[in-house]
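Peer 1: From first to last, the protein sequence lines are chains A and B.
According to UniProt numbering, the stretch in the first sequence is residues 1 to 703, in order.
According to UniProt numbering, the stretch in the second sequence is residues 1 to 703, in order.
Please note that the accuracy of each hint is not assured.
Stated by the list, open to error - Simulated pairs of lysine-lysine, BS3-like, Cα-Cα distance not exceeding 30 Å: (1) K476/A to K431/A; (2) K431/A to K431/B; (3) K63/A to K197/B; (4) K396/B to K197/A; (5) K197/A to K32/A; (6) K649/B to K431/A; (7) K471/A to K396/B; (8) K281/A to K57/A; (9) K197/B to K32/B.
What the hints assert, rightly or not - Simulated coverage check for chain A against chain B, where a stretch passes if three residues somewhere in it have a Cβ under 8 Å from a Cβ of chain B: (10) 278 to 290; (11) 635 to 642.
As the list claims (entries may be wrong) - In silico negatives: residues of chain B with every beta carbon more than 10 Å from chain A: (12) N188; (13) D253; (14) K378; (15) R420.
None of these hints come from the bench; they were simulated from the model.
Yeah, the Cβ is synthetic: ideal placement off N, Cα and C, and Gly gets one too.
There are 2 protein chains.
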Amino acid sequence: MRKIYVLALVLLYAATMKAQVITSPDKNFTMKFSVNADGEPVYELSYKQKAIIKPSKLGIETKDVPSFLRGFTVTDTRQSTFDESWNPPMGEQKTIRNQYNELLVTLSQPAVDNRFIRIRFRIFNDGLGFRYEFPSQKNLNYFVIKEEHTEFALAGDHKTFWLPGDFDTQEYHTTTSKLSEVRGKMKNAITPNVSQKTFSPTGVQTPLMMKSSDGLYINIHEAALVDYSCMHLDLDDKNFVLKSFLTPDAVGDKGYMQAPTQSPWRTVIASDKAGDILTSKLVYNLNEPAKYKDLSWIKPVKYIGVWWEMITGKSTWAYTDTENIQLGVTDYSKLKPNGKHGATTAHVKEYIDFAAKHGFDAVLVEGWNVGWEDWFGKTKDYVFDFVTPYPDFDVKELQRYAASKNVKIIMHHETSGSVRNYERHLDTAYKFMVENGYNAVKSGYVGNIIPRGEHHYGQWLVNHYLYAVQKAADYKIMVNAHEAIRPTGLNRTYPNLMANESARGTEYESFGGNNPDHTTILPFTRQIGGPMDYTPGIFQTKISAYNPDNTSFVHTTLVKQLALYVTMYSPLQMAADLPETYNKHLDAFQFIKDVAVDWDDTWVIEAEPGDYITMARKAKGKNEWYVGAITDENPRVATITFNYLPKGKNFIATLYADGKDASYDKNPQSYAIRKIKVNSKTVLKQQLASSGGAAISIKEEVK
Amino acid sequence: MRKIYVLALVLLYAATMKAQVITSPDKNFTMKFSVNADGEPVYELSYKQKAIIKPSKLGIETKDVPSFLRGFTVTDTRQSTFDESWNPPMGEQKTIRNQYNELLVTLSQPAVDNRFIRIRFRIFNDGLGFRYEFPSQKNLNYFVIKEEHTEFALAGDHKTFWLPGDFDTQEYHTTTSKLSEVRGKMKNAITPNVSQKTFSPTGVQTPLMMKSSDGLYINIHEAALVDYSCMHLDLDDKNFVLKSFLTPDAVGDKGYMQAPTQSPWRTVIASDKAGDILTSKLVYNLNEPAKYKDLSWIKPVKYIGVWWEMITGKSTWAYTDTENIQLGVTDYSKLKPNGKHGATTAHVKEYIDFAAKHGFDAVLVEGWNVGWEDWFGKTKDYVFDFVTPYPDFDVKELQRYAASKNVKIIMHHETSGSVRNYERHLDTAYKFMVENGYNAVKSGYVGNIIPRGEHHYGQWLVNHYLYAVQKAADYKIMVNAHEAIRPTGLNRTYPNLMANESARGTEYESFGGNNPDHTTILPFTRQIGGPMDYTPGIFQTKISAYNPDNTSFVHTTLVKQLALYVTMYSPLQMAADLPETYNKHLDAFQFIKDVAVDWDDTWVIEAEPGDYITMARKAKGKNEWYVGAITDENPRVATITFNYLPKGKNFIATLYADGKDASYDKNPQSYAIRKIKVNSKTVLKQQLASSGGAAISIKEEVK
């Protein structure tokens with residue numbers, strides 16, 4: 001008998017040591033999985049023989065049952081391949097290919113009654129996704145996560161584009177530094193926000209974009225974040241190992257789970273070409289197909305809004321200057337209007353007129369409903385009721401007027417972080433929308449979360465945001481959620497989640513400014529998970545023109561604002577500036593009118609995170625192409641190619657260029673517009689100003 | 001100028017020192033209010049020249065603005081009187097007199113920009129109520145309460161009937177001890193509960209009942225607890241000073257307030273007659289009149305239920321023995337029934353038949369809906385959906401059947417403490433009730449609260465319970481909430497809040513038993529705030545008769561169970577035992593069938609907390625009287641008078657008495673029934689067994 005035991009041990013040892021290997025369909029990526037001598041799961045990832053992730057441990061630490069950390073043996077492995085193409089209802093390309101090789105490993109813990117979990121790896125031509133799965137079984141039912149211990153051991157001290165890890169905000173400048181410099185730069189990176197909670201001197205957010213010294217571009221994020229807390233990364237800056245750090249709840253726990261269940265996917269996208277990161281659809285491919293049968297009500301939207309005038313301080317969300325409002329008690333008809341309220345019936349009609357005249361689908365109106373006098377920072381529970389307009393906002397008249405002009409009004413639901421209150425009113429609010437002709441809502445989560453102690457990025461809120469989106473679908477309402485969790489490709493599954501903010505948007509140009517390199521980074525970071533409602537289109541770059549007290553200025557040229565409509569993908573695109581300003585620049589405004597918001601295909605012509613991006617896109621179902629080129633504070637010559645145009649044909653391109661003397665800080669409004677002929681062989685050398693850009697619309701030559 | 005300042009200071013000093021005095025309409029109570037040298041508000045209360053509350057400080061400590069604790073000067077005082085009578089839609093008496101003298105003191109803090117608060121005192125013939133008021137003013141808007149510092153400085157080391165102070169449960173045995181003994185007895189007093197959180201070795205709950213060595217009965221509680229956290233009392237056991245201790249939220253805060261607002265009323269009821277405590281309506285009088293115009297849909301209910309058989313373990317709430325359920329995922333039709341499910345269509349029909357035969361209004365059915373397999377203790381968020389029946393419970397057929405028998409089914413909503421989930425489903429659940437013929441719901445809050453970190457008795461949940469009651473009113477649904485906050489008279493304002501549990505109910509007779517003195521105390525403690533759904537009527541006192549594994553027994557005689565229908569007031573009264581058992585004792589059951597649940601008037605004949613209670617009540621709108629007499633473990637002779645009967649007339653009384661050899665522990669089911677003639681002069685000496693009782697129904701003699 002002794003011999004048999006020894007043999008069994010040897011076999012077991014062999015089983016635990018034998019690595020499983022899968023490669024991407026194009027063989028560029030190789031992922032190796034094994035279990036080490038302590039029974040810890042370990043994976044590593046390489047790209048063209050270069051290490052992307054060195055051997056890194058996987059595991060979940062639990063609170064109430066034995067942890068899923070060690071003592072594992074591999075009891076089953078299955079490899080499979082998958083290849084399909086799918087068509088998103090809206091997007092950067094008409095068809096997305098979802099092709100991967102899969103390894104599904106079953107890991108048992110003999111010391112825990114043979115309890116088992118699975119880790120599923122999917123390796124694509126653009127990177128790796130993996131997740132933990134907890135199948136239904138006798139010895140596993142409920143468990144509470146104390147921490148997820150997923151490691152990403154990096155191969156070097158990469159250049160990194162990072163935001164401070166925070167449980168409540170992503171509205172930070174991106175800091176660009178080596179990994180070894182994160183700790184030293186953290187203090188400056190943490191700028192004030194009305195709700196924020198950092199957790200570590202080396203904590204950073206995902207999507208995390210990096211570049212190795214040997215020219216590899218690496219992006220780490222997650223996909224399909226559903227009913228789980230958001231993953232941050234804590235950096236071991238001696239060994240360059242990133243470790244998952246989940247957002248805790250009010251009592252410090254990090255996840256409440258019931259088998260069968262699974263974690264979100266952890267994703268590593270990599271390439272030696274920066275542009276490949278921008279066109280990666282890995283995160284979407286790791287999400288489930290659309291849950292709704294009928295998608296006909298979900299449509300791209302180009303919109304303007306009663307919004308920038310409040311952001312700049314020209315007008316106000318609030319109807320009065322009273323600072324103490326109790327909904328249902330305060331009688332607004334007895335309060336003195338402050339004379340600066342933006343969302344008045346007459347003023348909204350002006351926006352509707354402008355939208356109708358220039359072909360916009362919709363007008364966003366913020367500050368239409370009672371409660372804005374003391375809406376955040378008060379830990380106030382019942383802040384808004386989402387259905388009661390201010391006395392000077394006539395819902396029915398505006399419904400009639402907008403419909404007569406074939407323009408939609410976009411509803412605004414600011415929750416002020418008070419999500420119990422929002423959920424209590426959600427059905428009533430959505431019904432009110434349907435009854436009054438609204439089919440899209442911008443929601444907001446400014447301020448600390450109520451229930452108190454919960455965070456914007458914890459499981460509680462992650463659950464809430466999706467609840468609000470799913471319930472909106474019951475009413476055929478499209479959602480654009482601000483200050484919500486950063487996207488993880490869930491708009492594939494729930495396509496009425498049109499866009500999110502979840503980063504420093506254009507509003508910060510009025511709050512001191514965004515860095516000139518900001519929009520050359522966002523497509524590599526924030527937008528890896530989904531569309532951003534960045535709200536470009538600011539032509540009046542000096543905010544003091546609207547509000548003498550506001551010394552902020554937009555940190556781009558006017559033309560760069562145009563280019564953003566191409567480089568910052570969203571099916572929901574705003575022209576954020578005021579009609580009065582657009583009326584002064586109708587020639588430049590023409591580009592915003594023309595540019596598509598939904599695309600057949602997308603090409604990255606040039607890109608370097610933090611420096612520049614030049615992209616071309618073909619309008620969905622039309623023979624129209626749009627090019628956007630942007631640069632950071634450094635002027636540069638963009639080399640714009642046109643090889644994506646059908647060969648052998650000529651096209652008319654309208655070029656919106658920075659003026660020769662343009663620069664974001666001294667002469668941002670200088671621009672020149674000219675028409676040129678282009679074909680697939682054209683190569684255009686185009687000068688971009690400091691934080692400048694170029695925008696091109698291309699149409700077939702009419703003979 | 002110097003002189004004037006001195007004069008002003010003297011005047012100020014005089015103002016702060018001059019005590020304000022008010023007395024009760026009958027002059028028995030005197031309350032004195034002053035501000036001490038530190039500017040702290042101080043009150044004291046006496047009854048017939050005996051001190052009830054010695055000088056005690058008042059104040060609120062805040063977190064974010066200067067506290068409301070000291071530096072006060074009295075800037076205004078107003079006295080007024082009030083006297084009205086009102087008729088509750090249901091109750092212990094037809095008409096309630098609300099007569100008090102009021103002192104309203106305005107207190108300013110010169111050092112805090114003359115910020116001011118008010119303290120409103122109302123002094124009744126049965127005691128004192130006072131509250132803090134925070135009027136609307138320029139220098140006061142939002143504030144966060146760190147702690148309320150209301151003191152009740154007692155005049156001695158009183159005998160006290162107390163429960164351990166706890167943020168999550170009141171389901172403790174009452175411990176009877178001197179105040180000085182609380183600390184020593186605390187450890188034994190804290191028995192296990194599925195959700196509990198004690199806070200101090202001398203922390204106790206309200207309503208707190210005490211008796212002084214010179215024979216004063218004193219009760220401390222609160223009234224109109226709305227959007228504020230529940231007050232516990234922490235005892236300084238050297239000085240016998242009780243100090244308010246509010247329930248904290250998940251982050252340790254105790255209240256989020258916005259002016260104008262107010263605290264609940266703090267109440268002190270006192271008398272030299274124990275019975276006066278039982279008949280006090282002070283708590284109700286401090287609540288607002290009914291908020292609903294139409295009360296016609298709110299009616300008393302006598303009911304039976306598919307409940308005790310699950311409590312005893314004879315049958316189960318759950319349909320299967322599977323332990324891992326995911327709503328919307330689990331397919332019950334594929335699971336094996338456990339064969340012990342109580343709420344089957346056929347079985348519920350048997351209950352409906354029994355209810356119809358014996359004149360009950362309704363049948364409570366628990367365990368009808370999916371999810372009971374793993375319903376608590378799992379921190380499970382989505383536990384129940386409140387609308388999906390088990391496969392063996394036919395909602396439509398039971399609606400039809402119950403309606404054909406003129407019996408209502410009472411809905412059951414167990415939330416498992418997951419209040420977000422309940423609120424998300426509330427509208428759907430109430431609509432489902434209306435559509436299926438239900439007009440009353442028993443709700444439950446077993447287990448730890450979700451959102452995690454919140455407590456059953458914090459402001460978050462206090463807000464929720466009332467939200468559920470108010471929303472129920474939109475659907476004309478009556479509510480009986482278990483494990484919710486103990487009542488504070490809110491059923492005056494929201495009369496569809498029919499009853500609460502909020503104490504150790506009859507269910508504990510199956511979980512090891514209640515003390516024989518339990519129901520001689522509850523009317524002095526728990527029921528000061530409102531009706532209790534105690535669910536009496538257990539005839540089969542040996543639980544093993546239903547479940548051989550259950551060794552518990554009911555700690556009363558059968559007759560005491562009858563008497564509880566009189567001594568434990570509720571407009572919602574259950575006959576909790578099984579029809580099969582009642583069928584064996586139809587003679588005794590007759591009392592339950594006869595007894596009223598709504599009353600014209602109530603008389604306490606004899607009472608001593610912890611020892612005995614004898615009460616008589618006149619049925620609402622009928623010439624019928626019911627008497628209940630109970631005793632603790634000590635047999636006694638009750639002296640039952642009948643002077644509340646109309647004079648000069650004879651009546652037939654049916655007396656349900658303990659058998660001569662009866663005792664709760666040895667021979668509980670021994671009883672004797674006889675008819676006697678009584679008139680207003682009759683005095684009946686009636687022997688009560690150990691934890692026994694007597695019940696009498698009195699009707700006019702038919703000639």
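Peer 1: Each hint needs a verdict: does it hold in this structure or not?
Peer 2: Going down the list of hints, with the structure as the test:
no., hint, verdict
1, K476/A to K431/A, "holds (11 Å)"
2, K431/A to K431/B, "holds (16 Å)"
3, K63/A to K197/B, "holds (20 Å)"
4, K396/B to K197/A, "violated (52 Å)"
5, K197/A to K32/A, "violated (36 Å)"
6, K649/B to K431/A, "violated (64 Å)"
7, K471/A to K396/B, "holds (27 Å)"
8, K281/A to K57/A, "holds (26 Å)"
9, K197/B to K32/B, "violated (36 Å)"
10, 278 to 290, "violated (count 0)"
11, 635 to 642, "violated (count 0)"
12, N188, "holds (29 Å)"
13, D253, "violated (7 Å)"
14, K378, "violated (4 Å)"
15, R420, "violated (7 Å)"
Violated hints for the displayed structure, listed by number in ascending order: 4, 5, 6, 9, 10, 11, 13, 14, 15.
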